[in-house]
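Student: Top to bottom, those sequences are chains Y, X, L and C. If you count by full-length UniProt numbering, then the first sequence holds residues 1 to 466, one letter each, in order. If you count by full-length UniProt numbering, then the second sequence holds residues 1 to 466, one letter each, in order. If you count by full-length UniProt numbering, then the third sequence holds residues 1 to 466, one letter each, in order. If you count by full-length UniProt numbering, then the fourth sequence holds residues 1 to 466, one letter each, in order.
Mixed in with the good hints there might be a few duds.
[Unchecked claim] Derived pair list, reagent style SDA-like, types lysine to any residue, alpha-carbon separation capped at 25 Å: (1) C:144 / C:34; (2) Y:168 / X:439; (3) L:140 / C:236.
[Claimed, not checked] Some, not all, of what chain Y presents toward chain C, calculated at C-beta under 8 Å: (4) 185; (5) 186; (6) 190; (7) 193; (8) 208; (9) 210; (10) 212; (11) 318.
These are calculated hints, taken from the structure and not from any lab test. Cβ atoms here follow ideal geometry from the backbone N, Cα and C, with glycine treated the same way.
Number of protein chains: 4
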Amino acid sequence: MYAAEEPFWGKTLRLIRDIWVSGDAEELKDKVRPNLPDSDLSRLRAAINACLEGRGGEVSARARAAQLGRAYLVLDPEGRQRFLELLVKEYDVDDAAVDTAIEKRNAALESDELYTANLELRDLLEPPRARLLRQFNELKEGVKFLVDLRAELLSMVKENPSLRPLDKDVLRLLVSWFDIGFLDLQRITWSTSAAILEKLIEYESVHAISSWKDLKNRLRDDRRCFAFFHPRMPDEPLIFVEVALVNGISGNVGELLDVDAPVGDPEKADTAIFYSISNCQRGLAGVSFGNFLIKRVVADLVAKLPNLKTFSTLSPIPGFMQWLTTTTEPLGLSKNEQELWDTVAAAENPREYMKELIAGDTEENGQVVEAALLKEILMKLCARYLVESKKGSQALDRVAHFHLSNGAQIERINWGGDLTEHGIYQSGGIMVNYLYKLSQIEKNHELYTGSGEITISSSVKKLLKS
Amino acid sequence: MYAAEEPFWGKTLRLIRDIWVSGDAEELKDKVRPNLPDSDLSRLRAAINACLEGRGGEVSARARAAQLGRAYLVLDPEGRQRFLELLVKEYDVDDAAVDTAIEKRNAALESDELYTANLELRDLLEPPRARLLRQFNELKEGVKFLVDLRAELLSMVKENPSLRPLDKDVLRLLVSWFDIGFLDLQRITWSTSAAILEKLIEYESVHAISSWKDLKNRLRDDRRCFAFFHPRMPDEPLIFVEVALVNGISGNVGELLDVDAPVGDPEKADTAIFYSISNCQRGLAGVSFGNFLIKRVVADLVAKLPNLKTFSTLSPIPGFMQWLTTTTEPLGLSKNEQELWDTVAAAENPREYMKELIAGDTEENGQVVEAALLKEILMKLCARYLVESKKGSQALDRVAHFHLSNGAQIERINWGGDLTEHGIYQSGGIMVNYLYKLSQIEKNHELYTGSGEITISSSVKKLLKS
Amino acid sequence: MYAAEEPFWGKTLRLIRDIWVSGDAEELKDKVRPNLPDSDLSRLRAAINACLEGRGGEVSARARAAQLGRAYLVLDPEGRQRFLELLVKEYDVDDAAVDTAIEKRNAALESDELYTANLELRDLLEPPRARLLRQFNELKEGVKFLVDLRAELLSMVKENPSLRPLDKDVLRLLVSWFDIGFLDLQRITWSTSAAILEKLIEYESVHAISSWKDLKNRLRDDRRCFAFFHPRMPDEPLIFVEVALVNGISGNVGELLDVDAPVGDPEKADTAIFYSISNCQRGLAGVSFGNFLIKRVVADLVAKLPNLKTFSTLSPIPGFMQWLTTTTEPLGLSKNEQELWDTVAAAENPREYMKELIAGDTEENGQVVEAALLKEILMKLCARYLVESKKGSQALDRVAHFHLSNGAQIERINWGGDLTEHGIYQSGGIMVNYLYKLSQIEKNHELYTGSGEITISSSVKKLLKS
Amino acid sequence: MYAAEEPFWGKTLRLIRDIWVSGDAEELKDKVRPNLPDSDLSRLRAAINACLEGRGGEVSARARAAQLGRAYLVLDPEGRQRFLELLVKEYDVDDAAVDTAIEKRNAALESDELYTANLELRDLLEPPRARLLRQFNELKEGVKFLVDLRAELLSMVKENPSLRPLDKDVLRLLVSWFDIGFLDLQRITWSTSAAILEKLIEYESVHAISSWKDLKNRLRDDRRCFAFFHPRMPDEPLIFVEVALVNGISGNVGELLDVDAPVGDPEKADTAIFYSISNCQRGLAGVSFGNFLIKRVVADLVAKLPNLKTFSTLSPIPGFMQWLTTTTEPLGLSKNEQELWDTVAAAENPREYMKELIAGDTEENGQVVEAALLKEILMKLCARYLVESKKGSQALDRVAHFHLSNGAQIERINWGGDLTEHGIYQSGGIMVNYLYKLSQIEKNHELYTGSGEITISSSVKKLLKS
């Protein structure tokens, strides 16, 4: 209907036209992945300009932008990078125009014209490419397109920092599109579409889902799973959280994930354990949903299951072993402890050595005593790591920082909470509960974000003093 | 859950607190409408500041913003105006900070820091109140809240131009939230919820819907009705269009609306007549949907009813009679015509006089000749009004301007197309067809927006020459 | 796909074939309504036989039955009656076959073959036409088809009792298809489809819905409306009930229907008043839903609004005035009362006279005393009518009989409960509350259905004794 | 709400009461499974009688029946059998009443009372237990309850033929409830609920689904899967069919199921291969859906994919190898063939021997010639088996009988069509295509069901003659 008058494709891009005729980018994608040679760049420029000028009316301009988006999708990685570089270089802020607008604004100070002058200046400070990004929303899957574009950009930026400004432009747009007020909180159950459940398996980043059976067990009657969705990406969860409804705070994730464990009665549970929270869209890095997700889920649970009184996480300590094996700080151990620790540290692969001690059949080789001592050491040091290791005023551990920012407190440190290979390697098998005490959340948040003060329970205090 | 620590209400606002406890603004709204006395202003400021500073974390800040929104809703008109004035005056751009950022930006020219400096400057040019507006999205009906706030602002601004900057801020936010890519196109039928249908009756602005029977007739098998919806306002149409599926271009809206007319077979129709298009949300004035709506509906109709070949409007000429009775331009009439026209113009109420001639039982009083002559005069002048009367390079008639901007052409002018009281009073009973010829839309648009050139059919050309 | 090999149409039915080709019975219906002349009867027989023999396989047979159904729909009333008469006469039980089966059954008594012999006999006792009726279910709207066929049959049977056996066959099938276990209870609100709401207006049989405004008022926050639907007739309510959520038992339906009355808080209501219950499908006469509807709605209300303690109707007494003006029983009035009553009874139109007394501006003509006395008379007699007038052991009043069978008790008789023209004419303006006391329902039912004993409140007892 | 006045439980059934109070049969099911001792039988009788007499009104009676149903669910296998035996023995047809009704009917012959007398007799021939079965529909999952009850009955009947009459009663009820006109045809895709997809894996009975990956491959773009559902069992498919959209008739199921095969374009396919059709509910044995399913799916495919011209199955021949290794008919082989066949037949395990020849790497052991000859023998005998081996006038092979009854023809016999262990063991690795030629379906059906004549293609004819 709104065929482009001035197609920008050259010889190498001729095949792309077929896409625009057939509308089927998917099909072509695997056949031809042109790399956008120089000879096509001027055609590309013309196409972009037509979009930005609104040639043929706003409806046509949007349709053209969609064509551009589809063209991008058929390019090979090199071609895509050239496309994006063109946007960065040639569709940046117009400095001369900004100069003029600044003068105008300065002249308007104290006058009634100031508001308008400010607006004009502000508009000029938005690079024209940002408008093009918005126009991509015309694509049928425009929101997903931009999220995926951002994911690609994040990969490219590492090696090609010149693309960073474009990354920032995309991020700003995504922040506005993914405002929490637009998202849907949906419960995920075994009756949810397999297409979505499959994505949980793919995206779960804390405790890998090993099979559909494992997944089904996480959706059983005494479990809850919630995800945020965007109305324009209904098949793509943005972030999801897995919750166990139990009695008393759980300290062991293996028990929670045990497919043979009996199913409890959710109506009788007094505690909700948030044991996994995973972001799904790499392209949304920097857009934060987690804090809202936890609190909306808490509100939903409270409304439906009034017996729930306690809301806590069961979390890994992802940076602990890394910190432990590389820190140069004094560890403050007793003599006995220090001796054992020296042995450990002197081992060819200290982390491997610890793993064996933690998980190993310790009796055979008479390591019972060592293991017990190592437990004491690790528990104490873990508490210190969580509470005292900082980057500026922030907790060094990223998971700790997330929950503390949200207003949680460090409630309990659990020895042997995650005895998987990965759990031992990363967290020494230890897990921690962050407690969301509803009445304290604001105060905790203010203390932590204001002065870096971390709220901890008496049991953690005791560990620190030990 | 996230109760405000520092309630800002005073004596007169004490009742508002009950709302926050009960959460039921509706209930209180009719009982108490405080006017926000000076004594409360400092409390209001504290509440706004807490939101903007993100006190207690982003979740709490959002919850507080929602409370502020609910508080706004219980204020009386004077109180609301004071609330908004506070936002305009005290939460405006910080000029000093902008000065500094400009210096920084100027210093960064040619350097790698420029992008960041530009961003900072841009952010500072956004007034803090705009952030608060975004936070209102936390309200359960946050999107509707802002749309309604804008509607109020538009009323206030007329008498209180100092609020204009806030109006602009709200509009910018709404433009971003109501991006066409986020809207759903939905077909409206007699099976649609009565709650939505009731709104069509309320919002129809071209040919009033007189009853549910009239409405049902507009939704019968050979009619179509489509509306845009926002996912966060699912019960509120934003704009809707009514279409008749007929054979050949219709020139008479009375026939289209006749509840006794036989129902045609939509599969056999060759022409879609867009006979009414109405915006529903006053608060979205300035956000344009109409062009997109028409073209999406055309695309939908083409896909489902492949026999449709012609897409045309049947439109009023809302400014014609007003122009005709006040214009001072020479009308270029023949002698005979001019004589009749002088009689008409000399009448006490020329428009009333014409109405009688057009609609009246002309035979009784021997006005047959006069009526025929008046028809000739009005048809000729209507063509001139539509094609030649301009405001700058734009058509003077607002409906003409809308369709011509969209790329339509003036196809046919229809005598007696709308013989209702209103139709005669406004358009001399004449209606016009704007034809959307898909292959010409872009060209027409470019000609019209570029040089003001209006594309017309040969029949309209003939009228102009007569 | 499964075209009939042996079309049964003759000259007059040729047009019907076009339907089968085009599938569009609706279209033809208004053009041609053949009356099924004798020359077509043999073709019709052949078509029915093909269905019953399962010619071409069960799928084809069903398809043929659907064709027959569509053919029926295009016949004119006379043709339809001939069609049905053919079914009654020629597709009845085969008496000779039954004779044989009876012998077989008698011979099998005491043997293992009895069960099979019984089954065979039972199958032979079902007329073949009943199988054809079931096959009509292949029609896209097959369930509705049969319901409508029944409605027509009910009209025909009055003048043509020979059709009664077919009516019974259809009813048996409908009883099985409309088993309460298959029905959906749906709440009706203002957000329900207008197509369904329109039907409420049409079907309401107790207190006519005068307009969409009246309807909307009955769906407001402190009202409830529920209907049963069949999964194969999703746009057609079968029966619906209207409920008001109030405080204390209401005695006046005018107040409940007042569109200007303030909306109460449903959460705070302690009483649910069932003030209207209407059957929607004439063709389902004899299939009872009302008792189930009331009790499912009670269960639903109890679950969602735990403050509700009392469930009562506010009902008309449809047979009261009829009985009063025609009964020959002694009324048992005092002398004063009898004198007034004699005057009333002697009036040219006693019911009209009473209406004036009840509703009239009584002061002008000094009728105050008479009116007060008439009230006493009518209240007392109404109580007697409800409690003591019987047909066998059943209450004479059909509404009373319905609620008493359901286990309700007569709670209160309300003077002036319905002062509409119709209300006064039918019930003397009196309304009655039937109370559903959950703990007493079974006992009341058993008393009433067992011995005809009616449970009444002390206030009704007092009226009876007065 | 409608608590039973006369609970029938005794000591061993006391726990059941808790279910009725808590409504949670699931919970108790694993804890207590009473066996319904004699002491409880009289209580059970009382409860059944209360249902059948409609004690307390029909609503209460239904509620009581639901309680009985829940009670049944907690019984252990022995208890359930006793429950059902009670129904068979004590709630059977009342022979004396039937005797009387027969007399009445005989007396009414030739009179107007005959219809009524027939009806009464018919009603008396329905055992009272059948009414109780219908009342179970009050259970929330009443339809599923009865389907499962039937599945249990089918198991019990084998060892306890006295239950057969009850089985027949249940079947009759299910036939009426599962009339094809009430079923929904739904397409199953990867976006369908995992809970339903899981059931496909469980119920697939032709080519086992080995994993979720296998399942996903069967739902890809060039595949279709459809199932029938009952509106009261929305989570339980009744029967489903898997279809491949390909070009030309497929002869090899391994290729169709290959997860690595490229995905074709469904719009371009000319052939739909029905390669698997599975019944899901054991309790619905005897209720036939397959014929309708195939033809509704064909109609749906034709409407959506107009390029499809050929509709064929790719089917196993489940009885072939069984027949081949046990038949005593002369095989009609040539001398060469007979010699090889004698060797095969003389082998210790002839079927195993053939498997090796069919699947084995034949070159190594010089069996090339033997294998080629065996192929000829098997293909010829397979054709004979399919076309000539009969049970009465029906094809001996049950799959052949199913498709031939539906009006299909035997189109092609495919060597090596299913080289799985199971495929070779059962069908000698051979598969057959049954072609559904729409224009021939009725004729084929009539020939087959009338005279047992099987329609075959010329290629099959050739095989038969070879």
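Student: All the hints need checking, so say for each whether the structure fits it.
Tutor: Taking the hints in turn, this is what the structure says about them:
1. As the CA atoms of residue 144 of chain C and residue 34 of chain C are separated by approximately 22 Å, the hinted pair is consistent with the 25 Å bound.
2. With a C-alpha separation of about 39 Å, the suggested pair residue 168 of chain Y and residue 439 of chain X falls outside the 25 Å cut-off, and the hint is violated.
3. Distance restraint check for residue 140 of chain L and residue 236 of chain C: the Cα-Cα separation of roughly 23 Å lies within the 25 Å cut-off, and the hinted pair is therefore satisfied.
4. Below 8 Å, beta-carbon pairs count as interface contacts, and residue 185 of chain Y has none with chain C, the closest being about 19 Å; its hint is therefore violated.
5. Interface hint status for residue 186 of chain Y: violated, as the beta-carbon distance to the closest one in chain C is roughly 14 Å, over 8 Å.
6. At a threshold of 8 Å, the smallest CB-CB gap from residue 190 of chain Y to chain C is about 5 Å, leaving the interface hint in force.
7. Contact between residue 193 of chain Y and chain C, as hinted, is supported at the beta carbon level, the nearest pair being about 4 Å apart and thus within 8 Å.
8. With a least beta-carbon distance of about 16 Å to chain C, the hint placing residue 208 of chain Y at the interface is violated under the 8 Å criterion.
9. Of the supplied interface hints, the one on residue 210 of chain Y is violated, with its beta-carbon coming no nearer than about 13 Å to a beta-carbon of chain C, more than 8 Å.
10. Look at residue 212 of chain Y: its Cβ gets to within about 5 Å of chain C, closer than 8 Å, so that hint holds up.
11. Against a cut-off of 8 Å between C-beta atoms, the interface hint on residue 318 of chain Y is violated, since the closest Cβ of chain C lies about 30 Å away.
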